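Produce the complete structure using the sequences and hints provided.
Heads up: the protein sequence lines correspond to chains A and B, in order.
Residues in the first sequence are numbered from 1 upward in steps of one, following my numbering.
Residues in the second sequence are numbered from 1 upward in steps of one, following my numbering.
By construction, these hints were calculated from the structure, which means they are not laboratory data.
Since this is a predicted model, take the numbers as computed values, not measurements.
Be a bit skeptical, because a hint or two may be false.
[As the list claims (entries may be wrong)] With a cut-off of at most 30 Å between alpha-carbon atoms, the simulated DSS-like pairs for lysine-lysine come out as follows:
#, chain 1, residue 1, chain 2, residue 2
1, A, 318, B, 120
2, A, 294, B, 152
3, B, 152, A, 94
[Said to hold, decoys possible] Chain B stretches covered by chain A per the calculated footprint, using a threshold of three residues with CB under 8 Å from any CB of chain A:
#, region
4, 18-32
5, 57-66
6, 69-80
7, 86-97
8, 104-117
9, 147-153
10, 286-293
[Claimed, not checked] Residues from chain B that face chain A, not an exhaustive set, calculated with beta carbons under 8 Å:
#, residue
11, 42
12, 43
13, 138
14, 139
15, 157
16, 190
17, 194
18, 208
19, 212
20, 275
21, 276
22, 297
23, 299
24, 302
Backbone N, C-alpha and C fix where the C-beta goes; we use that ideal spot for every residue, glycine too.
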Amino acid sequence: MEERIKNISNKAKEEDIEEIEEIEEVKEVEEAPNRFNSISKPTNTILNIMFLIIAAVCIVPFLFVLMVSFTSEASLQVNGYRFWPEEWSLEAYKYIFKSGSNIIRAYGITIIVTITGTILGLIIMTTFAYALSRKNFAYRKFFTKLIFIPMLFSGGMVSSYLVVTRFLGLKNNILALILPICVSSFHIIILRTFFKTSVPDAIVESAKIDGASEFVLFMKVVLPISLPGIATIALFLTLGFWNDWFNAMLYIDNNSLIPVQYLLIKLETSMEFLINNSNTMGVSATEAVAKMPKETVKMAIVVITTIPIIFAYPFFQKYFVSGLTIGAVKE
Amino acid sequence: MAKFKNLDKKKNKSTLKKLKENREFLLLTLPGTVWFLIFAYLPMIGIVIAFKNWRISGGFIESLIKSQWVGLSNFKFLFNSSDAWLITRNTVLYNIVFIVLGIVVPVTFAILLNELLNKKLSKFYQSSMFLPYFLSWVVVSYCLFVFLSPEKGYINGIITALGKDKISWYTEPKYWTIIIIFMSQWKSVGYGTVVYLASICGIDKCYYEAAMIDGATKWQQIKYITIPSLKPVLLIMFITAVGGMFRADFGLFYQLPKNSGALYSVTNVIDTYVYRGLMNLGNIGMSSAAALYQSFVGLILILVTNGIVRKVDNENAFF
Chain A
1 MEERIKNISN KAKEEDIEEI EEIEEVKEVE EAPNRFNSIS KPTNTILNIM FLIIAAVCIV
61 PFLFVLMVSF TSEASLQVNG YRFWPEEWSL EAYKYIFKSG SNIIRAYGIT IIVTITGTIL
121 GLIIMTTFAY ALSRKNFAYR KFFTKLIFIP MLFSGGMVSS YLVVTRFLGL KNNILALILP
181 ICVSSFHIII LRTFFKTSVP DAIVESAKID GASEFVLFMK VVLPISLPGI ATIALFLTLG
241 FWNDWFNAML YIDNNSLIPV QYLLIKLETS MEFLINNSNT MGVSATEAVA KMPKETVKMA
301 IVVITTIPII FAYPFFQKYF VSGLTIGAVK E
Chain B
1 MAKFKNLDKK KNKSTLKKLK ENREFLLLTL PGTVWFLIFA YLPMIGIVIA FKNWRISGGF
61 IESLIKSQWV GLSNFKFLFN SSDAWLITRN TVLYNIVFIV LGIVVPVTFA ILLNELLNKK
121 LSKFYQSSMF LPYFLSWVVV SYCLFVFLSP EKGYINGIIT ALGKDKISWY TEPKYWTIII
181 IFMSQWKSVG YGTVVYLASI CGIDKCYYEA AMIDGATKWQ QIKYITIPSL KPVLLIMFIT
241 AVGGMFRADF GLFYQLPKNS GALYSVTNVI DTYVYRGLMN LGNIGMSSAA ALYQSFVGLI
301 LILVTNGIVR KVDNENAFF
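Right under this line is the structure:
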């Protein structure tokens with residue numbers, strides 16, 4: 001029976017792919033130069049110049065930070081932040097990899113939180129969304145209301161804070177960085193819409209006739225077909241966890257548990273935080289701070305925090321747009 | 001009587017049967033339901049803190065029950081302070097500006113990008129404009145700091161080169177209204193542009209061709225085809241934005257100005273006020289009153305907007 005289900009789902013996938021290919025072909029035809037209703041060349045040039053400036057405004061600030069991180073601390077002290085460093089240097093990055101054990105650990109925390117949070121969020125939300133997507137689930141309306149009400153009204157920051165710290169006792173616990181933001185009504189609605197539209201009823205019914213339970217159906221048929229939709233939500237979640245500092249600010253005081261985004265906030269006020277093994281090195285903390293390439297190290301941390309997002313950017317962009325368009329579809 | 005009892009029994013039985021038939025689905029929704037009960041509904045019960053004098057005695061539920069009722073005194077305290085007016089004004093005014101710009105700017109950009117002759121360049125502009133959306137406010141605040149840092153910043157470098165006095169950016173409130181508005185657009189314009197552009201690409205080309213044949217200008221095409229076609233997306237975005245008019249992006253108002261006290265007059269919004277009350281002052285009563293004020297007005301706003309939209313144009317209402 002399982003094989004049959006697999007066959008069915010494979011077939012459905014193939015059909016999907018064919019369909020997508022067809023759509024793409026159509027698109028290409030449509031995008032072929034159609035001078036009939038186009039803007040004039042001079043207008044086009046003006047628009048291009050305008051958008052070139054806007055695009056530059058959007059990416060230059062980050063490139064600036066990148067340049068500063070490769071500047072030598074000495075020339076930075078003299079010249080201030082400059083687009084083109086007078087003296088190039090790798091000392092900030094060397095410092096991070098040699099004696100930045102606190103930075104590496106914060107980076108590790110961010111990675112752990114991102115991975116576990118994304119997986120946990122996906123498990124909770126896909127199962128919930130699947131049940132909501134099935135017409136023969138008798139309590140569908142009730143559970144839809146259950147996730148819809150929190151979109152309209154929330155208990156607010158104070159009582160949420162007290163629930164996490166007092167009710168769950170998660171102050172200074174890594175779970176406080178994961179649990180409060182791993183589920184969202186909006187994501188569940190996107191997933192539900194995706195399951196509804198991408199899984200043909202015929203497949204579900206034929207699998208049911210073969211006696212497949214809902215769990216088998218979900219795992220073996222629905223999940224494989226819906227991978228693009230799930231990838232979208234996975235990326236939403238990953239970005240959310242990677243960029244989160246607010247929960248750390250609320251719930252984490254323990255320096256060994258802070259994620260890298262929050263580390264950057266702490267570094268704004270004090271660099272001493274980076275010096276952990278000053279005693280063993282035989283220098284006082286203040287001396288160590290004085291020796292450290294302070295400004296450039298901060299910028300280098302900003303860079304290594306953002307680099308993974310830049311690399312994943314093509315994926316993000318592709319899936320975000322599809323997710324956003326699904327999300328905008330009303331039920 | 002006996003008949004009723006029988007009916008009751010039958011009903012009970014059918015409920016049981018229904019539960020049993022749906023047990024697999026119920027099991028699948030269980031983790032999500034638990035999450036919503038703890039992280040969404042328990043805090044909703046917790047809003048009664050705003051009417052109590054919160055004292056810790058044991059766990060959350062126990063403290064909640066044992067804390068004394070104080071009626072509206074938390075709210076009186078909040079609304080008697082000058083802060084209540086300031087944070088409400090800041091939150092609402094900024095949001096009105098954000099709603100207007102958040103529709104006008106991305107829709108304009110999307111329409112113009114769609115007209116560009118070179119599709120590859122258009123893709124490149126989109127990608128560049130979308131990038132800031134993916135950066136956290138912490139990273140953005142560093143990106144801004146390299147320009148605005150009082151001693152080493154790029155802008156002060158230019159100012160001194162021109163022979164003028166340096167500006168202490170992080171203590172001068174007069175510049176921050178513009179900075180906040182600009183940075184919020186900087187971070188979100190790409191997102192809006194991409195959403196609207198996706199909708200514009202979905203419009204059937206036949207309309208434009210027919211309009212062309214009838215001699216419509218570009219401007220007329222935009223006015224009579226593009227914008228009406230965008231209406232459903234625009235309305236959903238609008239309702240959500242108005243519903244969130246009492247909410248502010250915490251990072252924008254707290255992290256970007258580096259929590260600078262000198263700037264509170266233009267950067268303090270309800271969210272930052274609640275946060276500072278909770279974490280810095282430990283004033284749970286007042287901050288929970290502010291949080292409830294925010295949630296309650298937000299609920300009313302979203303219900304009213306949705307009601308209006310439903311009356312005018314039933315198809316595009318949110319719910």
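Which hint numbers doesn't this structure obey?
The structure conflicts with hints 6, 7, 21, 22, although it agrees with all the remaining ones.
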